[in-house]
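Below, each chain spelled out in residue letters.
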Amino acid sequence: MRQLLRDWFDERVGLDLFERMLQKPLPKRGAWFYTLGSATLSLITIQFITGAFLMFYYVPDGEFAASSVRYSTEQVRFGWYLRSLHRWSANLLFIVIGLHMFRVFVSGSFKRPREFTWIIGALIFWTAIGIGLTGGLLPWDANALWIGTVFGNTLSYFPLVGPFLRSALLGGEHVGTLTLTRFYAMHVWVLPLILGVLILLHLYLIRKHGLFGSVVEYRNQIQALEAKGVPRESIIVTKMTPDETEPFYPAQVFRDSIVAFFLISAVSIFSILFPFSYRGEEPPPARIIPRPEWFFWSVDEWLMYFPGRLIPIGLILLTLFFLFLPFIPFVERHPEVSPIRRPVPTIIGAWVYLFIIILAMMAGSRIFNY
Amino acid sequence: MNQTTEEPIGRRHFLERAILAIFGAIGAMLTPPILSYILSPVSRIREDLAHSTQWAPVSPLSEMESIGDLPRMFEVPYRVKEGWRIRETSRQVYAVRKGGQLVLFSTFCTHLGCPTAWDESKRMIICPCHGGLYNNFGEVIGGPPPRNLAQLDYKVENGTVYLKDPADVYEVGWNDPRKRA
Ligand code: FES
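Note that the protein sequences, when read in sequence, are chains E and V. All letters in the first sequence, in the order written, are residues 1 to 370 by our numbering. All letters in the second sequence, in the order written, are residues 1 to 181 by our numbering.
Heads up, none of these hints are tricks.
Example chain E residues on the side facing chain V (calculated, C-beta under 10 Å, incomplete):
hint: 1; residue: Y157
hint: 2; residue: G162
hint: 3; residue: I289
No lab work stands behind these hints, which were simulated from the structure alone. Ideal placement from N, C-alpha and C gives every residue a C-beta, glycine not left out.
Take these sequences, add in the hints, and give me the full structure.
See the structure below:
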């Protein structure tokens with residue numbers, strides 16, 4: 001019966017394609033590290049689902065946004081839960097993306113022939129930042145307004161095009177009625193659409209390249225060839241042996257599901273224990289202390305060290321850092337993937353992460369001690 | 001044989017060009033209008049400003065008599081045109097007496113535009129965002145701000161102080177954007 005049903009669908013839908021994708025072999029070793037990508041995907045899925053339902057009550061207009069958020073948080077049944085899920089998941093998402101990028105970088109998984117997988121991953125990272133940024137404005141409380149203002153003003157320091165960029169983004173020279181609708185459109189449709197397309201491409205490329213050149217594969221084959229006296233430069237790597245691999249389904253899907261389950265449970269528990277409340281009741285104006293989301297803390301802190309005339313330099317360096325990300329596979333091109341055998345990139349990568357974390361911690365202590 | 005192979009290649013070549021041309025044309029039909037649609041508010045900034053409050057009452061002059069060389073903050077209500085809406089809002093300004101002259105200046109930090117406040121105990125104007133510091137006259141004394149707090153134009157009419165162009169709040173950078181041509 002099952003077989004009959006399968007064949008019926010196969011004839012009409014082409015199940016063999018999906019089956020082949022599910023059967024793709026993956027390395028056994030280090031498999032838990034490979035769940036970080038799917039963890040990112042589970043959280044993004046949570047964002048799509050909760051986000052869609054938050055739209056049921058949210059009104060993207062300066063006059064009503066705050067009250068609609070308040071209504072959905074305080075009156076709508078489980079409104080607080082959906083909204084908190086959305087925000088906690090967003091928070092966790094940036095951590096998981098960071099870990100995923102670190103894993104991919106350290107294990108050299110961006111190398112030939114996976115350059116495009118990395119590039120698209122970097123574009124996904126940019127898009128996620130854009131979504132986080134535009135989403136921060138939507139609660140439309142005093143904090144959101146100042147975050148938008150600070151962001152627009154930051155852009156205005158770009159030489160020549162700065163003021164134009166600022167007003168193009170804000171829809172005017174200050175954060176107002178037109179800013180909210182464009183940020184809303186970006187947050188709920190334009191950027192998520194781009195994100196969805198990028199994710200599909202990313203997944204396609206991951207499946208296409210499957211096992212090619214994973215750490216295990218390189219280590220074993222390189223050792224074997226070196227033992228035979230083959231010079232290091234001329235070693236070209238092929239496939240792993242079957243006993244070092246297993247099909248994606250069901251073992252890896254099981255791991256991914258476990259990770260998804262724990263992540264989503266964590267998000268859910270955080271949402272119940274520390275729900276995001278509505279904070280639209282503005283404190284007296286002179287006491288407003290704008291606080292960026294923590295994932296922008298390091299950027300905030302970085303810009304602080306470029307006073308006066310140096311502001312554009314800090315901004316340009318920051319932009320160059322983000323623009324540089326997709327080019328990493330073209331900078332580090334030799335085939336070695338082991339983090340130990342390529343200490344320079346590993347150390348640089350670790351320092352960059354450490355630097356970002358330290359900046360964020362400094363910003364955090366500054367923000368909370370103010 | 002030769003004819004049959006050459007003819008389709010010519011045809012194929014033509015079709016490829018045609019497909020490119022078709023999508024090029026579709027792109028050309030859609031892109032410029034969409035871009036100018038998105039950027040439309042940018043070209044209307046001056047116009048919107050012209051439809052916002054030109055002179056906003058700050059306070060009666062008599063209330064400002066007592067101000068010395070320590071800044072006092074005033075809340076200034078005004079109307080601002082934002083695209084399809086005219087919105088009631090307000091901003092703050094500092095008033096201080098400098099060399100016997102009443103001076104109004106902005107509360108918006110010239111670094112990234114955060115709202116500053118006078119700190120009575122530290123005797124300076126502090127920006128909460130990145131620790132920008134200004135003295136009582138709004139002159140930078142520390143932190144990242146590139147310029148002193150923007151001095152604002154005002155007039156006195158019938159015993160009331162009016163602030164000029166309160167809706168023009170773009171004040172960051174080392175040149176005052178309000179003073180553009
Ligand atoms: S915005 Fe005032 S110091 Fe940065």
